[in-house]
Amino acid sequence: MSDSPSSTAERPEGADAAGRTAAVVLWVIVSAGLLYGIGETVARVTQLFG
Amino acid sequence: MLSTLDRERTVAGPGFNRWFVPPAALAVHLSIGQVYAFSVFNIPLEERFGASATAVSIIFSISIVMLGLSAAVLGTWVERNGPRKTMAVSAALWVAGFLVSALGVSVGQLWIVYLGYGVLGGIGLGLGYISPVSTLIKWFPDRPGLATGLAIMGFGGGALIASPLSNRLLGLYGGEDVVAGLVPTFLTLAVVYAVLMGLGAYVIRVPADDWTPEGWTPPQESDESSMRTTADVSARTALGTPQFWLLWTVLFCNVTAGIGILAQASPIVQNFFPGVGAAAAAGFVSLLSLANMAGRLVWSSTSDVIGRKPTYMLYLGVGALLYLGVATFGRSSLLLFVLMSVVILSFYGGGFATIPAYLKDLFGGLQVGAIHGRLLTAWSAAGIAGPLIVSGIQDLQTARGEEGADLYLLSLYIMVGVLVVGFIANLLVKPVDERHHEPEPDPDQLESEGAPA
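So the protein sequences, as listed, match chains G and H. If you're matching positions, the first sequence starts at 426 in our numbering and goes up one per residue. If you're matching positions, the second sequence starts at 555 in our numbering and goes up one per residue.
Because the hints were derived from the structure by calculation, they are not lab data. This one's a predicted model, so the numbers in the text were calculated from it and none came from an experiment. Keep in mind that a hint or two might mislead.
Here are the simulated distance ranges between beta carbons [unchecked claim]: (1) Tyr461(G) with Glu601(H): 24 to 34 Å; (2) Tyr461(G) with Asn596(H): 30 to 40 Å; (3) Ala832(H) with Ala443(G): 43 to 53 Å; (4) Asp764(H) with Ala443(G): 23 to 33 Å; (5) Thr952(H) with Ala457(G): 41 to 51 Å; (6) Gly794(H) with Ala443(G): 42 to 52 Å; (7) Ala442(G) with Pro821(H): 28 to 38 Å; (8) Ser456(G) with Ala833(H): 41 to 51 Å; (9) Ala443(G) with Leu889(H): 50 to 60 Å.
Only part of the chain H face toward chain G is listed, based on derived beta-carbon distances under 8 Å [as the list claims (entries may be wrong)]: (10) Ile597; (11) Ile616; (12) Leu714; (13) Gly754; (14) Ser840; (15) Leu844.
Chain H is faced by these chain G residues, among others (derived, beta-carbon under 7 Å) [as the list claims (entries may be wrong)]: (16) Leu451; (17) Ala457; (18) Leu459; (19) Thr466; (20) Arg469; (21) Gln472.
Glycine included, every Cβ here is placed at the ideal spot set by N, Cα and C.
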């Protein structure tokens, strides 16, 4: 299934371009943050059976 | 300038990909999820103020109570004003909470920290929690469980990031003197969260009223078997339905059971297995945090396939059996104890993430954010009840001369009972009676009132 909308409100073209770029940047930031948090946590988890 | 925050200015244009919305929700939830890592600051704050552990722990309690209250009271405002304005206000309050707390620490006044992190930050928490959830539900009408799981997973993940980050900042700024590191750490976190939440508010979009995912046709009739309605129930009306209070009971029971074990996880594992030291117990707590986070995404997404009611039967029914297993066989094997606890905590996280989708099924999407906000009072109540049961029983058993795992067995059996009550409440959930449904919406009226899509 495509995730682009089948119908949307009338808006000037390109109005969301900056938002899209920011969304991609935000995906990178939140993914990196989650990886950092999970990595740090897994390192502590190893102490349980270490 | 402020008009850019208005709901009408956030309606997505043609070609907008809905997968651009989850990072905005995650940015907010990862930020406010820091609240679960606040205990990192407890000891430095106790030293700074010369205060008791109880006096400092009140900061966290105030913020959680304010979360529940603000989500309940301001839910309708959130729906009316849209996600961008709500997330901006949430960010301002959350950041102000850190700034005011930094002031309180620097002038040595604990009450200022209560006001800052507790009250201001707590209101920011409540607004930030519900707004992205209801927005994602509107973008993913075909997979609401996945949508809510994505957002609420961030709340669990926020602590995983904030805990090590805060420790590093305290060490970086204060060295051996962590008290000296408090103010710059609070200021740094304020800047980090301002940027992250600000970006989230900028990126967030709502779908146009007539938008649907390509290839997906909205159901024309309510599905009695899955209890997915095509109608809408207002937040005010929802409060008067038995379904709302049954789900309130379900959430209360699920959270009470999970939070009871989560709040005392370290001493519990050390008392069950005397060979487990403090470092290994910290590893156990971390593993539970991971299970809590993963359960939010995995189980909530699963609920899209198997249905919301069966999913809660799993959380509550299997959860009760697992609690019984921990109490009965838990002492026989550390691995078995850990495995059962991990599944229990994944159900705890799953319960949080699946409830908005359950609400959407029963009450429709019109005011699901406001209804969700009101339901979160169950979380506040469980946040008091769960730890009280476990610590109260522990004190009682200690006074009786019990020790080791025996300190917790009665609590575990009580949690089995709590989960059975939740299981029965879930069994009783039926589709909402048609007399509670809103009349068919008039598009012109909705536009003039700024009601959500």
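Hints and how they fare:
The hinted window of 24 to 34 Å between Tyr461(G) and Glu601(H) holds, with their beta carbons roughly 28 Å apart. At roughly 23 Å, the beta carbons of Tyr461(G) and Asn596(H) sit outside the given window of 30 to 40 Å. In this structure the supplied range 43 to 53 Å holds for Ala832(H) paired with Ala443(G), their Cβ-Cβ distance being about 49 Å. Distance hint check for Asp764(H) and Ala443(G): the Cβ-Cβ separation is about 24 Å, which falls inside the suggested range of 23 to 33 Å.
The hinted window of 41 to 51 Å between Thr952(H) and Ala457(G) holds, with their beta carbons roughly 45 Å apart. For the hinted restraint 42 to 52 Å between Gly794(H) and Ala443(G), the CB-CB distance of approximately 44 Å keeps it satisfied. Our hint of 28 to 38 Å for Ala442(G) and Pro821(H) is violated, since their Cβ atoms are close to 54 Å apart. Roughly 29 Å separates the CB atoms of Ser456(G) and Ala833(H), a value that falls outside the hinted 41 to 51 Å.
Taking 50 to 60 Å as the suggested C-beta distance range, the pair Ala443(G) and Leu889(H) conforms, at roughly 51 Å. Annotation: interface hint on Ile597(H) violated; nearest CB of chain G at approximately 18 Å, more than 8 Å. Interface hint status for Ile616(H): violated, as the beta-carbon distance to the closest one in chain G is roughly 25 Å, over 8 Å. Here the hint on Leu714(H) is kept, as its CB sits about 3 Å from the closest CB of chain G, short of 8 Å.
For Gly754(H), the suggested interface contact is upheld, since its CB lies about 7 Å from the closest CB of chain G, less than 8 Å. Against a cut-off of 8 Å between C-beta atoms, the interface hint on Ser840(H) holds, since the closest Cβ of chain G lies about 4 Å away. The beta carbon of Leu844(H) is positioned within 8 Å of a beta carbon in chain G (closest approach about 6 Å), and the interface hint is therefore held. Because the closest C-beta pair between Leu451(G) and chain H is about 4 Å apart, less than 7 Å, the hint holds.
The closest approach between the C-beta of Ala457(G) and any C-beta of chain H is roughly 10 Å, which is over the 7 Å cut-off, so the hint fails. Restraint check, Leu459(G) versus chain H: the minimum CB separation of about 5 Å is within 7 Å; hint holds. Of the supplied interface hints, the one on Thr466(G) holds, with its beta-carbon coming within about 5 Å of a beta-carbon of chain H, less than 7 Å. With its C-beta approaching chain H no nearer than about 4 Å, Arg469(G) sits inside the 7 Å limit, and its interface hint holds.
At a threshold of 7 Å, the smallest CB-CB gap from Gln472(G) to chain H is about 4 Å, leaving the interface hint in force.
The structure fails hints 2, 7, 8, 10, 11 and 17 (numbered hints given earlier, in ascending order).
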